[in-house]
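Number of protein chains: 4
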Amino acid sequence: MTRYAEAVPGIAYLGPEGTFTEAALRLIATNGLIPPTGPGGDPGSVMPIATDSTAAALAAVRSGEAEFACVPIENSIEGSVLPTLDSLAEGTPVQIYAELTLDVSFTIAVRPGTTDSDVQTVAAFPVAAAQVRRWLAEHLPKAELVPANSNAASAQDVAAGRADAAVSTALATQRYGLEALAAGVVDERNARTRFVLVGAPGPPPASTGTDRTSVVLRLENVPGALVAALTELSIRDIDLTRIESRPTRTELGTYIFFLDFVGHIDDSSVAEALRALHRRCADVRYLGSWPTGEVVGAAPPQMDEAVAWLDRLREGRA
Amino acid sequence: MTRYAEAVPGIAYLGPEGTFTEAALRLIATNGLIPPTGPGGDPGSVMPIATDSTAAALAAVRSGEAEFACVPIENSIEGSVLPTLDSLAEGTPVQIYAELTLDVSFTIAVRPGTTDSDVQTVAAFPVAAAQVRRWLAEHLPKAELVPANSNAASAQDVAAGRADAAVSTALATQRYGLEALAAGVVDERNARTRFVLVGAPGPPPASTGTDRTSVVLRLENVPGALVAALTELSIRDIDLTRIESRPTRTELGTYIFFLDFVGHIDDSSVAEALRALHRRCADVRYLGSWPTGEVVGAAPPQMDEAVAWLDRLREGRA
Amino acid sequence: MTRYAEAVPGIAYLGPEGTFTEAALRLIATNGLIPPTGPGGDPGSVMPIATDSTAAALAAVRSGEAEFACVPIENSIEGSVLPTLDSLAEGTPVQIYAELTLDVSFTIAVRPGTTDSDVQTVAAFPVAAAQVRRWLAEHLPKAELVPANSNAASAQDVAAGRADAAVSTALATQRYGLEALAAGVVDERNARTRFVLVGAPGPPPASTGTDRTSVVLRLENVPGALVAALTELSIRDIDLTRIESRPTRTELGTYIFFLDFVGHIDDSSVAEALRALHRRCADVRYLGSWPTGEVVGAAPPQMDEAVAWLDRLREGRA
Amino acid sequence: MTRYAEAVPGIAYLGPEGTFTEAALRLIATNGLIPPTGPGGDPGSVMPIATDSTAAALAAVRSGEAEFACVPIENSIEGSVLPTLDSLAEGTPVQIYAELTLDVSFTIAVRPGTTDSDVQTVAAFPVAAAQVRRWLAEHLPKAELVPANSNAASAQDVAAGRADAAVSTALATQRYGLEALAAGVVDERNARTRFVLVGAPGPPPASTGTDRTSVVLRLENVPGALVAALTELSIRDIDLTRIESRPTRTELGTYIFFLDFVGHIDDSSVAEALRALHRRCADVRYLGSWPTGEVVGAAPPQMDEAVAWLDRLREGRA
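Protein chains in written order, with the numbering used here: chain A, 105 to 422; chain B, 105 to 422; chain C, 105 to 422; chain D, 105 to 422.
None of these hints come from the bench; they were simulated from the model.
Treat the numbers as computed from the prediction; the structure is a model and nothing was measured.
Quick reminder that beta carbons are idealized off the backbone N, C-alpha and C, glycines included.
Check each hint, because a few of them may be wrong.
Computed from the model, here is a short list of chain A residues facing chain D with C-beta under 7 Å [claimed, not checked]:
| hint | residue |
| --- | --- |
| 1 | L131 |
| 2 | L323 |
| 3 | P327 |
| 4 | G328 |
| 5 | T335 |
| 6 | S338 |
| 7 | S349 |
| 8 | P351 |
| 9 | R353 |
| 10 | G357 |
| 11 | A402 |
A short, non-exhaustive set of chain A residues, derived as facing chain B with CB atoms under 7 Å [as the list claims (entries may be wrong)]:
| hint | residue |
| --- | --- |
| 12 | A193 |
| 13 | A412 |
| 14 | W413 |
Anything over 10 Å on all C-beta distances counts as not near chain D; from chain C, calculated [to be verified]:
| hint | residue |
| --- | --- |
| 15 | P120 |
| 16 | Q199 |
| 17 | T205 |
| 18 | L206 |
| 19 | T218 |
| 20 | R238 |
| 21 | A241 |
| 22 | P305 |
| 23 | D370 |
| 24 | V400 |
| 25 | L414 |
| 26 | E419 |
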């Protein structure tokens with residue numbers, strides 16, 4: 105991993121070039137979602153840094169080799185991307201600054217001139233293979249699946265002649281000089297992947313009204329600890345949009361919890377809830393507050409009127 | 105009701121002179137619990153203003169005839185003093201600034217020279233009569249009870265010859281030139297009455313670490329509304345020390361709720377809870393935060409560490 | 105107190121004849137709400153037994169002198185009738201079997217021929233006086249109030265010439281040979297009193313679909329104990345229609361709680377809630393389940409479908 | 105997949121012979137945890153049926169080809185085994201009857217005579233490779249990893265000469281005529297995997313006092329639905345030992361929840377909780393109640409005393 109320029113932020117991602125993750129980070133940059141890292145920079149300009157794995161991308165942020173990492177965090181079919189969660193929960197704290205959701209569909213990439221009947225082997229990243237199984241059974245029933253290391257590596261395999269077709273991305277198809285035998289291929293409708301932009305801890309992006317906040321909780325091992333923690337959100341009408349448990353890796357039956365909820369650390373009710381969780385839990389790791397760009401769940405209640413009322417009481421002007 | 109001086113705060117109370125309420129207000133003044141009402145005043149100096157009833161004492165505050173009223177709010181045997189609660193809950197808002205608890209025991213007052221066998225009639229305020237019933241049955245079994253309008257009026261009745269003995273107070277016995285046939289008379293041990301000092305709304309006394317806050321809630325008429333409101337306290341580990349329901353006087357089955365809890369409006373967790381109640385309830389009437397002078401229940405949790413943690417998060421210094 | 109007959113149940117009430125309480129017990133009998141106490145009895149036939157007080161009426165049940173007592177428990181203006189609550193909560197257990205609510209309005213009773221201008225004194229039970237104060241100030245502004253021991257005793261006072269008019273009941277006006285100077289007199293609309301029929305513990309009346317259940321809770325003295333107990337009702341969607349706190353009479357700040365809720369002990373969800381309260385509380389005193397005769401609050405959820413589902417699971421027929 | 109015998113229950117598992125799953129099912133049989141499937145059978149005797157995948161093993165139960173399937177459900181390092189959860193949650197209902205937890209450690213299997221320096225390639229199932237990465241880096245730093253389809257297939261690869269060493273099991277090492285280059289190999293201590301025995305729905309095994317119950321909840325998509333469901337457990341002091349969310353596969357942000365809790369469907373409090381969840385949730389799929397063989401979490405409260413108390417109330421014998 106080498107940095108070729110300093111004028112623009114380096115963003116580590118699961119490479120090689122042409123993966124969905126690279127497509128996501130380019131859109132994050134285009135959409136202006138990358139916090140400024142220095143004066144005078146072009147906000148949309150980034151230096152993508154390909155890494156071998158999601159864990160390596162986050163390690164690059166922790167070591168300072170990259171300003172940010174773009175990593176997948178959740179897929180509507182497969183669920184959470186566990187290596188991402190595990191890496192966010194442990195080690196040096198990092199923070200999420202932005203998110204982007206991509207519809208997931210694949211391009212079946214071949215060398216120019218290849219037809220269906222020419223395809224005897226199909227290179228695929230196993231996660232991708234699982235999502236196009238029915239399509240392959242119908243359209244290329246005789247082809248043998250061979251594993252690839254990423255959705256871009258499968259295209260490289262085809263370009264190098266190691267396979268006849270690749271389950272790949274539009275970006276990689278173009279980059280490696282291939283053609284699309286089919287596009288928009290996916291077994292289940294609504295397959296979407298959410299990516300997040302992760303950096304070192306810093307002030308969160310300003311509240312936009314449609315934000316998400318994420319934390320990792322480590323609870324005291326007593327009955328009712330989880331429901332007590334969740335009640336800190338529900339009593340304040342804060343909409344929990346996601347909960348994921350992960351083992352603590354110390355013994356079977358102990359977990360940490362990833363919570364996503366609607367709102368921003370600068371919303372009064374979210375700030376109250378965070379303080380309450382901090383007080384109640386063995387540990388709270390704050391993963392950030394960032395804009396979702398669209399309405400997700402119910403917005404946290406506005407407390408302005410109640411705050412003003414309390415201020416009047418304190419001054420004796422009830 | 106007449107004010108004789110302006111240099112000291114006037115304090116309305118259930119008279120005539122010599123009631124427990126007068127004794128309580130004198131102790132409140134002696135203990136320095138009366139908020140200053142003007143520059144240069146002697147903090148311990150007050151002008152007691154006798155009224156016919158607890159309601160009249162509070163009305164004097166509302167009309168401005170008195171700066172404060174001293175009224176009983178709760179008795180360990182009889183429970184809440186309902187006219188006080190009803191008067192606090194309705195009409196122009198008023199606020200509690202101090203409290204004082206008295207052990208309740210009675211003096212059996214007679215004209216000098218009177219002996220047990222001379223006593224054929226005993227004057228007593230009905231509330232007092234109920235608390236010495238067993239004592240009278242044992243010590244003055246043949247005497248007839250005659251009603252009096254207050255614990256001081258019973259002594260006046262004896263002084264005027266309308267009764268032979270009075271269930272009264274030490275203060276009234278002395279004031280009306282009577283003698284104690286018996287002192288410290290009460291059927292049930294632990295009989296105590298709590299009095300509060302009520303004034304117009306103003307900034308609450310400063311937090312002391314052992315404070316009480318009181319509110320009146322009017323709830324939406326939906327199942328679960330009460331438990332939801334109480335959960336706003338329990339989730340924050342705020343110790344509810346008293347709950348009293350009173351009918352709304354509009355129809356059978358609708359109530360308002362008086363809540364006392366440990367802590368002061370300037371405690372972060374109490375402030376949060378008040379804001380949450382304001383948001384959740386149809387109406388919250390704040391009755392004040394004031395010192396109890398002794399530990400009552402569990403103190404509200406201190407949020408300083410959690411507040412500092414959140415501030416660090418907002419600045420990106422987690 | 106004397107029993108004149110054995111063939112019909114004796115019902116103790118606050119006398120003398122002509123009180124609202126007697127009117128209530130006669131309606132309870134007429135409405136067929138008295139549980140059978142023996143074979144062959146006429147269900148509507150009762151033997152009213154006048155007592156000096158509500159406490160005496162309940163004592164008559166505990167001693168066996170009366171099968172039942174009819175006592176007021178709640179008034180829409182004054183709130184709970186505290187002597188009734190205190191007597192239900194302590195001593196030998198008793199149980200409520202029926203209730204009846206009366207609109208409260210008074211008859212101004214005079215000796216035949218008396219006119220407004222003849223009235224110089226008005227006899228009134230203090231509770232009644234408080235409810236007609238405005239009417240008296242408007243219609244009999246010069247008359248002096250003299251206290252009476254009950255709403256029937258005031259009529260007796262007029263019949264005996266000790267007062268010119270009585271704040272009384274229609275029943276007493278008729279019984280003591282008086283006339284109505286005015287009828288339907290009351291200051292506040294919606295003044296209603298609820299009466300209950302109390303007997304020794306026994307099987308509750310059958311569920312009717314519109315029932316009320318009542319308990320007295322003694323809680324462990326720990327923060328959150330009350331909200332935990334109430335949550336046992338709210339989590340089961342059982343509608344709490346009334347909560348009243350009363351001091352334990354041992355020290356200031358400790359209470360017992362009277363709860364009324366919708367439903368019958370034979371409703372699955374109510375039975376669950378009662379068992380849960382029994383497990384959670386220091387003590388639960390069951391005061392009965394009885395028909396209200398009309399819809400009051402939200403009916404408890406029916407669990408039949410859930411019970412059948414669970415039975416199928418246990419048999420492996422999911 | 106072929107059944108060779110009918111006298112003993114067929115149990116599908118992830119094959120080939122020699123996997124941890126096969127080891128687990130043999131211990132389940134040895135421990136007498138398999139419910140009787142017919143008269144006169146030897147309870148410890150089973151017919152293992154190797155399948156290609158966990159999903160295939162469960163499909164064999166659903167189709168009737170196997171009486172049971174033994175599948176991994178949770179690993180202390182990796183977390184839930186997602187294909188198992190997804191397969192339990194969808195399709196024809198199945199039920200869990202037993203569980204068994206294995207310490208996970210690997211045998212490095214080689215052909216007889218092979219030494220460390222001979223090893224140039226190591227075959228490993230990817231899940232296993234992740235758990236011995238540090239050991240391999242230290243002991244076989246120059247060897248290249250090649251993927252295998254299971255922990256037994258890796259041994260087959262070595263037996264067939266396709267690799268020099270296998271990350272495999274003791275069982276497979278023996279079965280395929282290999283030798284252990286090292287045993288008890290694992291990077292993280294406390295690596296354990298829990299396996300469950302799954303069959304068609306039927307009466308659960310009898311309660312043992314140390315049981316586990318498992319359900320899948322589909323919640324209404326309203327804020328607070330999860331905390332409301334969890335409160336049905338916490339209010340009854342039922343110890344939630346595991347919660348896992350999985351996407352519904354219909355859209356990002358909607359989940360189903362897998363809950364494990366302590367207790368048996370025949371425990372009164374667990375039965376109550378199940379009925380309450382059934383009433384509250386859009387859907388509850390019961391996955392069974394079965395013995396854990398050891399204490400896991402806090403036992404559910406015994407309700408016998410409360411049930412007896414309620415029965416006395418109903419009979420009027422309070």
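Status of each hint after checking the structure:
Taking 7 Å as the C-beta cut-off, the interface hint given for L131/A is violated, the closest approach to chain D being about 16 Å. A distance limit of 7 Å between C-beta atoms decides the matter here; for L323/A the minimum to chain D is near 11 Å, and the interface restraint is violated. Hint status for P327/A relative to chain D: holds, with the closest Cβ pair at about 4 Å, below 7 Å. Residue-level restraint check for G328/A holds (minimum Cβ-Cβ distance to chain D is 4 Å; threshold 7 Å).
A hinted interface residue such as T335/A counts as satisfied when its beta carbon comes closer than 7 Å to some beta carbon of chain D; here the least separation is about 6 Å, so the hint holds. At about 4 Å, the closest approach between the beta carbon of S338/A and any beta carbon in chain D falls short of 7 Å, and the interface hint on this residue holds. The interface hint given for S349/A holds, since its Cβ lies 5 Å from the closest Cβ of chain D, which is under the 7 Å cut-off. The criterion of a C-beta within 7 Å of any C-beta in chain D is met by P351/A, whose closest approach is roughly 5 Å, and the hint holds.
A hinted interface residue such as R353/A counts as satisfied when its beta carbon comes closer than 7 Å to some beta carbon of chain D; here the least separation is about 5 Å, so the hint holds. Hint status for G357/A relative to chain D: holds, with the closest Cβ pair at about 6 Å, below 7 Å. Interface restraint check: A402/A against chain D, minimum CB-CB distance 5 Å, threshold 7 Å, status holds. With 7 Å as the threshold, the beta carbon of A193/A stays out of range of chain B, its nearest partner Cβ sitting at about 14 Å, so the hint is violated.
Because the beta carbon of A412/A sits about 10 Å from the nearest beta carbon in chain B, more than 7 Å, this interface hint is broken. Proximity of W413/A to chain B holds as hinted, the smallest CB-CB distance being about 5 Å (cut-off 7 Å). A cut-off of 10 Å between C-beta atoms confirms that P120/C is not in contact with chain D; the least separation is 32 Å. Consistency note on Q199/C: stated as away from chain D, yet its beta-carbon is not over 10 Å from all of that chain's, at 8 Å minimum.
Non-interface status of T205/C relative to chain D is upheld: no Cβ of that chain comes within 10 Å, the nearest being about 25 Å off. No beta-carbon of chain D is positioned within 10 Å of the beta-carbon of L206/C; the least distance is around 28 Å. Even its closest Cβ contact with chain D, about 51 Å, leaves T218/C beyond 10 Å, as expected for a residue assigned away from the interface. Taking the minimum C-beta to C-beta distance to chain D, about 45 Å, the non-interface status of R238/C holds against the 10 Å cut.
For A241/C, the requirement that its beta carbon stay farther than 10 Å from each beta carbon of chain D is met, with the minimum near 49 Å. At the 10 Å boundary, the C-beta of P305/C falls inside the reach of chain D, the nearest C-beta of that chain being 5 Å off. Non-interface call for D370/C relative to chain D: violated, since the shortest CB-CB distance, roughly 7 Å, does not exceed 10 Å. Against chain D, the non-interface label of V400/C holds: every CB pair exceeds 10 Å, the least being about 21 Å.
Not every C-beta of chain D lies more than 10 Å from that of L414/C, the closest at about 5 Å, which undercuts listing it as non-interface. Some Cβ of chain D comes within 10 Å of the Cβ of E419/C; the nearest lies about 6 Å off, and the non-interface call is violated.
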